[in-house]
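4 protein chains.
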Amino acid sequence: MDSDTTIKSLKDKVAKFRDDRDWKQYHNAKDLAIGISTESSELLDIFRFKSLDEVDKMFHDRKKLTEIRDELADVCIMALALSQRYDIDLSKSITAKLKKSAIKYPILKSRGSNKKYTEL
Amino acid sequence: MDSDTTIKSLKDKVAKFRDDRDWKQYHNAKDLAIGISTESSELLDIFRFKSLDEVDKMFHDRKKLTEIRDELADVCIMALALSQRYDIDLSKSITAKLKKSAIKYPILKSRGSNKKYTEL
Amino acid sequence: MDSDTTIKSLKDKVAKFRDDRDWKQYHNAKDLAIGISTESSELLDIFRFKSLDEVDKMFHDRKKLTEIRDELADVCIMALALSQRYDIDLSKSITAKLKKSAIKYPILKSRGSNKKYTEL
Amino acid sequence: MDSDTTIKSLKDKVAKFRDDRDWKQYHNAKDLAIGISTESSELLDIFRFKSLDEVDKMFHDRKKLTEIRDELADVCIMALALSQRYDIDLSKSITAKLKKSAIKYPILKSRGSNKKYTEL
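Residue numbers (this note's numbering), protein chains in the order written: chain W, 3 to 122; chain Z, 3 to 122; chain Y, 3 to 122; chain F, 3 to 122.
Source of the hints: derived by calculation from the structure; they are not laboratory data. Quick caveat: nothing in here was measured; it's all calculated off a predicted structure. All residues carry an ideal CB built from backbone N, CA and C; glycine is no exception. A portion of the hints provided could be inaccurate.
Short derived list, chain Y residues pointing at chain W, Cβ under 8 Å [as the list claims (entries may be wrong)]: (1) H29; (2) I36; (3) F51; (4) K52; (5) T120.
Here are some, though not all, of the chain F residues that point toward chain Y, as calculated from beta-carbon distances under 8 Å [what the hints assert, rightly or not]: (6) M3; (7) L45; (8) D72; (9) D76; (10) A81; (11) L92; (12) S95; (13) I105; (14) T120; (15) L122.
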């Protein structure tokens, strides 16, 4: 469960899956970034041409929800594989990036707004 | 650090960032999936037209490495936001998906191969 | 103008741009496919977190419209570069694909529906 | 054939396909941009984890080549649908964008280089 699972333990699972198949040779950063991108598109594809109402209803449809969870998991698996392979600490990277984004999107200026930081 | 950071604690950080800015109204699944996809493309864009050697060298260049970490973090932040918003347990989803992938890619058949499961 | 411009003439322009810069060496199919994908994400990024109303209004905003046209053009330039480089006739490919899609989406079954062909 | 097919004639074919199915209601710019992006990922996915040699060989494999042509065609169909729906002249947009890119990538500075314009 997310409340007691560390990033490290997920990285280990993903690395074991890869090494069981001797796939490290294919897991260079460029192909893993391609993987993150193509998996994220498979997730997005579920919502293509669907209204926001239809999208929300998918989360109450057992089969669609499983599809969404599976595609989201695939994105995460690729991201974990990249960070594991190149010794990137994801927790630190996420925390550091949130701090940078907090500067780009100051609370007072960006509160309630969907403008990009270049338009604020 | 990844060794002692839970997924839940990262979800909380991302949710706080969003709520501080009153952005929940924009965070529907479709736009978050768009977010995961566009952020993953920004990561991939770093490697466009670069050889695998040039890509590997980027991880020894402090400035490039920060760029890579930042873009990878953005992908993860969007994935955490989506899972937090729609009550998806990422750890369970990842573990479940690895089990499905293990069936699609049996060790004996897929070991050392870069073939897609449809080609195995 | 689109009414009197052939695909071939656009391919020629794109090839000239590439050859003026001696870029053929970088234009392998994989990196060009990355290019098509990352450029299409830059287009999509313009619409991220925007409502359909806000998106439609962008087409009446001179600056936004130019941005949209530029990003769409970048996608096309990469697609033209790939097809030119690998001798793919785009007109024939598009016509052939429309015929296949017409079989996957028969008019009677798919008329007025946003279902994927697997759901029809 | 590309040597005698105008962009306009392809736009017309794509619009007829859409209108035969009464799909204009779903063809807003945001979903069409999603479409361009997800189709381009399907093209890219063909090359994932493949070496440049393996990628080049695909163009001599009849079945793979058809797959590549089909996915590239899907990208173009979505791009044509977007430009047709929102009255964007693709030829003008492409020509205009090439001029802007020529300024960002001056021949003397960028010749033979795979650096991004920000690094030149």
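Cross-check of the supplied hints:
1. H29: 16 Å, violated
2. I36: 7 Å, holds
3. F51: F51 of chain Y check passes; min Cβ-Cβ to chain W is 5 Å, inside 8 Å.
4. K52: 6 Å, holds
5. T120: The hint is violated - T120 of chain Y has no Cβ within 8 Å of chain W, the shortest such distance being about 11 Å.
6. M3: At about 6 Å, which falls below the 8 Å cut-off, the nearest Cβ of chain Y leaves the hint on M3 of chain F intact, so it holds.
7. L45: For L45 of chain F, the interface hint holds, since the closest Cβ of chain Y sits about 5 Å away, which is under 8 Å.
8. D72: 5 Å, holds
9. D76: With Cβ-Cβ at 6 Å, under 8 Å, it holds.
10. A81: 6 Å, holds
11. L92: 6 Å, holds
12. S95: 4 Å, holds
13. I105: Hint on I105 of chain F: violated, closest Cβ of chain Y at ~12 Å, above 8 Å.
14. T120: Not OK, violated: T120 of chain F not within 8 Å of chain Y, min 14 Å.
15. L122: 11 Å, violated
Going down the numbered hints, you'll see the structure goes against 1, 5, 13, 14 and 15, while the others check out.
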